[in-house]
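K.L.:
As they're listed, the protein sequences go chains Z and L.
Quick note on numbering: the first sequence equals residues 27 to 270 in this note's numbering.
Quick note on numbering: the second sequence equals residues 27 to 270 in this note's numbering.
Some hints could be false.
One copy or any two copies: either way a pair holds, since identical chains are not told apart in the list.
[Stated by the list, open to error] Straight-line alpha carbon distances no greater than 27 Å define the calculated DSSO-like cross-link-like pairs of lysine-lysine that follow:
1. 236 - 164
2. 168 - 249
3. 158 - 100
4. 203 - 167
5. 158 - 116
Just so you know, the hints here were simulated from the structure itself, not pulled from any lab data.
Computed from a predicted model, the values in this text were never measured in an experiment.
There are 2 protein chains.
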Amino acid sequence: MRNIKLTIEYDGSRFNGWQKQSDQRTVEGELEKAIKRTTGEEVKLIASGRTDTGVHAYGQVANFLTGCTIPGEKFLYAVNDRLPDDVSVKASEEVARSFHSRFSAHRKTYRYVFLNEDVRSPIYRNYAYQVKHELDFKSMKKAIKHFVGRQDYSSFVANRSNKQKNIRTVYSTRIRKDGNFIEFEIEGNGFLHNMVRIIAGTLVEVGHGKRSPDSIPGLIECKDRHLSGHTAPAEGLYLLKVFY
Amino acid sequence: MRNIKLTIEYDGSRFNGWQKQSDQRTVEGELEKAIKRTTGEEVKLIASGRTDTGVHAYGQVANFLTGCTIPGEKFLYAVNDRLPDDVSVKASEEVARSFHSRFSAHRKTYRYVFLNEDVRSPIYRNYAYQVKHELDFKSMKKAIKHFVGRQDYSSFVANRSNKQKNIRTVYSTRIRKDGNFIEFEIEGNGFLHNMVRIIAGTLVEVGHGKRSPDSIPGLIECKDRHLSGHTAPAEGLYLLKVFY
Numbered sequence: 027m028r029n030i031k032l033t034i035e036y037d038g039s040r041f042n043g044w045q046k047q048s049d050q051r052t053v054e055g056e057l058e059k060a061i062k063r064t065t066g067e068e069v070k071l072i073a074s075g076r077t078d079t080g081v082h083a084y085g086q087v088a089n090f091l092t093g094c095t096i097p098g099e100k101f102l103y104a105v106n107d108r109l110p111d112d113v114s115v116k117a118s119e120e121v122a123r124s125f126h127s128r129f130s131a132h133r134k135t136y137r138y139v140f141l142n143e144d145v146r147s148p149i150y151r152n153y154a155y156q157v158k159h160e161l162d163f164k165s166m167k168k169a170i171k172h173f174v175g176r177q178d179y180s181s182f183v184a185n186r187s188n189k190q191k192n193i194r195t196v197y198s199t200r201i202r203k204d205g206n207f208i209e210f211e212i213e214g215n216g217f218l219h220n221m222v223r224i225i226a227g228t229l230v231e232v233g234h235g236k237r238s239p240d241s242i243p244g245l246i247e248c249k250d251r252h253l254s255g256h257t258a259p260a261e262g263l264y265l266l267k268v269f270y
Numbered sequence: 027m028r029n030i031k032l033t034i035e036y037d038g039s040r041f042n043g044w045q046k047q048s049d050q051r052t053v054e055g056e057l058e059k060a061i062k063r064t065t066g067e068e069v070k071l072i073a074s075g076r077t078d079t080g081v082h083a084y085g086q087v088a089n090f091l092t093g094c095t096i097p098g099e100k101f102l103y104a105v106n107d108r109l110p111d112d113v114s115v116k117a118s119e120e121v122a123r124s125f126h127s128r129f130s131a132h133r134k135t136y137r138y139v140f141l142n143e144d145v146r147s148p149i150y151r152n153y154a155y156q157v158k159h160e161l162d163f164k165s166m167k168k169a170i171k172h173f174v175g176r177q178d179y180s181s182f183v184a185n186r187s188n189k190q191k192n193i194r195t196v197y198s199t200r201i202r203k204d205g206n207f208i209e210f211e212i213e214g215n216g217f218l219h220n221m222v223r224i225i226a227g228t229l230v231e232v233g234h235g236k237r238s239p240d241s242i243p244g245l246i247e248c249k250d251r252h253l254s255g256h257t258a259p260a261e262g263l264y265l266l267k268v269f270y
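All chains, full assembly: derive it from the sequences and hints.
P.N.:
Okay, structure coming up:
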């Protein structure tokens, strides 16, 4: 058996997230169908992690074992012909048997996009979190720096998550403004469920002057989800890259 | 009767263009329905111009006469509540009775977006013209300058167009590269049918080295559509702004 690694882009708008579900249209489900049509095999994809409904990806990674002899770097062409137009394999390669998309990953980068405009935007309705009232970019820029470091992110995890293992390392953050758009990128060794979206929601509250940038360290210290901001919507979130 | 001017954004992906057709979903049709639900009146919208199927707009302009007493600048809120999510009125105001969205317009700006990437992009499938093989940005930049001026654009008009009145003035062009994206903007006193898309298709051929930037003046001089480039697809085109 050979181990094939895929790098996948998708527009999350019409998917019920990554994970296969019998009665829903999911990215994993569509990929497994396309691979079956290509190789004749029922494969089980291993992804770097799930993404929720509406979340997009430029560089999701998944691998699978196959007996098929198509060269690794040709796989993408065969599979893409059998995929719907809102998902595509951007790169494929054969990797060592020991490679595991989830366990071998040591860094990930997410991007979150805000559109700061009062009247709703049809063009970006599925691709950005549209925020009314002016956001103070300088405050957001000050606030986001506090998320760098090895910290317990219990204030930034969906409630239903296990409270035991919430320590993660964020290596870097970047934020930029381009016209009415503000977008940030965050790179870390792993992210808790909804972590980036709760950070995004909290940053909006900073941008609106409801929180000060200097309140972030205390908020992290509290380890209490109830004290942090709202969960920003899925449509602004993009899984950019997974590092191995 | 009052004359109301609307500035309209739409995602052209799911519309059969601007112009109302009895059996098709169009931007004009959806707007007239929403206005009827707002004012109770059957209005006739006058647009700055039509856009084809798949073309997007950030700043289409249309006006209509109404007996309704909603203040001009409040119209957008009432109408937006009755519009589908892929079209929205970004601004509204009452204007003089003499204002006519088409005849009063004296300048327009269009943007065209290329994505230069080999493997198809799901996220941009409806929002850019994806071009494989590397585009030479410097050549495209040289070429686009030749489109500025008062010229006969018969080489850049859809065949079915009337060949009599093809002189237009292009005031300026801008082109920029941002990662894998190349986008240009073109501002003029008016544009022929498919003019921006044929310019875009011709620029791609320059970018691929099939034409030299210096061939453009001769191409314009020829006034022959058969000698210019292909018509680039609608999904890369955005009507940015109409000036009055």
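K.L.:
Of the hints given before, which are not true for this structure?
P.N.:
The structure breaks none of the hints.
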